[in-house]
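Protein chains in written order, with my numbering: chain A, 1 to 396; chain P, 1 to 396.
Hint data in this document are derived by calculation from the structure and do not stem from the laboratory.
Among the hints, a few may not be true.
To be verified - Computed list of lysine to any residue pairs in SDA-like fashion (alpha-carbon distance at most 20 Å, straight line):
# : chain 1 : residue 1 : chain 2 : residue 2
1 : P       : LYS47     : A       : LEU344
2 : P       : LYS47     : A       : ASP331
3 : A       : LYS352    : P       : ARG116
Number of protein chains: 2
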Amino acid sequence: MDTEKYIVQGFKASAVVSGLKKGNALDVALIVSEREAAVAGVFTTNKVRAAPVLLSERHVKNGKARAIIANAGNANACTGSPGLNDARTTADLVGKALGMSAEEVLVASTGVIGQRLNMGVVARAIPLLTEALSPDALPLVAKAIMTTDSFPKISSFEGQAGGRPYRIMGIAKGAGMIMPHMATMLCFILSDISIDPDTLKRALLSSVRSTFNRITVDGDTSTNDMVLVMANGLAGNGVLSAGEYDIFAGGLRDVMGDLARMIVRDGEGATKLVSVDIKNAFSSSDALKAARTVANSSLVKTAFYGQDPNWGRIVAALGRAEIEMIEERVDIWIDEVQIVAGGLGRGAEAEKRAAEIMTRKEFTLTIDLHQGAYHDRMVTCDLTHEYVTINADYRT
Amino acid sequence: MDTEKYIVQGFKASAVVSGLKKGNALDVALIVSEREAAVAGVFTTNKVRAAPVLLSERHVKNGKARAIIANAGNANACTGSPGLNDARTTADLVGKALGMSAEEVLVASTGVIGQRLNMGVVARAIPLLTEALSPDALPLVAKAIMTTDSFPKISSFEGQAGGRPYRIMGIAKGAGMIMPHMATMLCFILSDISIDPDTLKRALLSSVRSTFNRITVDGDTSTNDMVLVMANGLAGNGVLSAGEYDIFAGGLRDVMGDLARMIVRDGEGATKLVSVDIKNAFSSSDALKAARTVANSSLVKTAFYGQDPNWGRIVAALGRAEIEMIEERVDIWIDEVQIVAGGLGRGAEAEKRAAEIMTRKEFTLTIDLHQGAYHDRMVTCDLTHEYVTINADYRT
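Modelling step: build the complete structure from the supplied sequences, incorporating the hints.
What follows is the structure, given as structure tokens:
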């Protein structure tokens with residue numbers, strides 16, 4: 001891995017083996033900005049919210065932060081007020097170790113729900129983390145936050161503002177419980193751009209909408225998701241012009257889109273990445289509902305796995321999506337091969353060609369409803385034996 | 001099988017091997033009432049509705065019918081107006097063969113979506129069916145309508161009205177695409193009770209609500225579902241008293257509840273039947289939403305399969321159900337073992353006992369939200385490797 005590429009000036013990171021995760025793997029990580037950074041966050045919409053979600057949401061409110069501590073192996077969710085105290089203590093310990101206030105420290109956790117965090121383990125890990133801080137260790141953070149992920153997820157972008165180059169670096173973890181809005185997903189994005197917190201938040205929200213909120217692995221949403229963006233201003237650019245903002249927001253969207261697709265590609269047991277594109281829905285909410293219903297249908301997802309262009313299941317999913325639709329208008333394609341025209345199958349030859357495309361690791365399912373002018377897209381994966389194996393055995 | 005038990009006076013049935021289904025199996029069936037019967041039906045809520053659904057819905061409108069022809073192997077869904085013509089032709093042919101009008105014939109199909117029915121095969125089958133009609137062949141109909149079902153589903157009830165005994169006999173098929181409202185599910189119920197069509201419809205609707213509309217296998221709903229009830233009056237009872245109506249409606253509900261549970265027990269790949277009982281929700285719609293969301297969660301269903309009392313997934317599913325809930329109030333039981341009290345886990349010992357219960361083929365997951373006074377229940381199954389195998393390979 002080209003580690004230089006993953007350095008963002010003014011940020012250091014570290015990861016250690018604490019024992020929270022089984023099997024002697026990196027499981028606690030720290031990210032620190034050498035100076036106060038603008039920060040923005042997006043948090044799970046699940047009504048059951050893990051302790052670190054509650055705490056970090058409070059800590060990003062003033063738009064400023066300096067550090068993120070993240071652990072895998074234990075989600076610190078459904079742990080009540082003792083769990084919230086544990087998250088607070090973690091922030092306190094990190095703040096003391098780094099000489100900053102606890103309010104400048106964000107906390108993120110992922111892993112098993114409903115068990116108290118072992119605070120002895122966390123307390124022992126913190127001095128090791130602060131000692132190991134280094135500018136080129138961000139890829140290790142990507143490893144430390146993995147749970148059932150099979151590969152670390154990193155993406156970066158380089159831009160210019162006011163003649164000064166800047167970088168956006170994102171890391172994420174995903175795998176299960178992936179579904180809008182937010183999932184068992186952690187995403188940390190670091191940049192050296194100079195930007196005010198309100199503008200940073202605006203860029204984050206618009207990017208989340210078209211990236212993390214448009215992916216699904218299994219339709220479940222988690223208690224622990226968060227996306228945090230920190231920008232420390234070391235690039236030294238001035239106030240962003242409208243054009244420069246657009247480039248930054250575009251870069252952020254690219255990084256987050258990249259990470260979101262990696263999360264689906266690495267969905268639990270997934271062997272295929274499928275983009276479900278809805279065209280010409282009656283309304284924007286219809287477009288999203290149609291995309292979501294198809295992308296989450298177990299029957300459609302097993303058909304992807306079976307490489308079977310079983311469009312009857314797709315049409316049946318649309319039929320229960322509670323959208324405006326007229327069966328006789330529906331057209332369906334697998335990549336460039338049209339398998340349904342006006343609600344009717346186009347025959348064995350078209351299906352044979354579509355089945356060949358479905359042997360690929362990535363393809364697009366396009367559905368034209370011919371009801372209006374609204375489009376949307378969900379990125380999903382197939383439902384496989386391996387998904388069942390992973391989730392039947394997760395805790396045992 | 002005790003065939004006498006499955007005779008309802010005045011009804012005859014038959015089933016033959018036509019070739020619509022692979023492997024030389026019974027696949028077309030006929031049920032005939034010797035005299036005009038009161039009829040009521042409930043049909044899929046999917047916006048994509050198969051040809052036989054469109055036709056039979058029209059034919060039950062006047063509350064009278066005499067025959068049902070059903071086939072497996074081909075759903076005659078997404079086949080456009082040619083498909084509707086095929087269904088109409090089928091009813092015509094049966095009507096001619098039996099000397100009744102086509103409007104007295106109901107048509108039902110289940111199987112692959114999107115392929116035209118082979119009408120030559122159907123036409124050849126009809127004379128064989130009429131020739132084979134016999135009072136004790138209803139169990140054969142249950143076999144003929146099976147698709148991925150592993151056993152035929154039959155249930156019966158005996159009651160008395162006006163001093164006259166009557167019988168209710170129900171047969172059904174299910175397996176995949178099971179989810180309220182209605183599924184790839186066919187259910188035919190026959191009775192010799194004397195009842196007017198409006199009263200019959202009332203009894204049917206109230207029974208569907210608490211039986212077929214409270215089961216789920218995979219959250220998908222089908223294009224072809226229907227429940228038909230025919231009552232030919234041969235029992236000779238008079239107008240039902242309020243008490244007699246209640247007994248009849250209760251019997252109907254028992255038969256349909258029985259069949260609904262059989263459908264879940266035989267859900268594609270299912271190894272466990274789980275009743276998800278919601279207690280004390282804020283509203284009736286919240287109770288149903290909570291039950292549905294938990295009963296359809298892939299993560300919860302794989303945990304059932306893994307015999308893992310992973311209550312974090314249950315709480316996380318509740319959290320995204322869009323209901324009124326306060327995490328700190330939630331109590332959860334597996335049968336009589338409480339695993340969550342006030343939103344917190346009750347520890348390893350309770351989970352161990354719950355895990356033992358989950359090795360059983362049937363158990364109840366009870367969730368008390370402590371938000372109000374509304375209860376509801378969904379019956380679901382686990383999500384297994386076999387489900388994926390069946391649905392990845394269905395057409396190949």
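Return the numbers of the hints above that this structure violates; sort them in rising order. Hint check: nothing fails, all pass.
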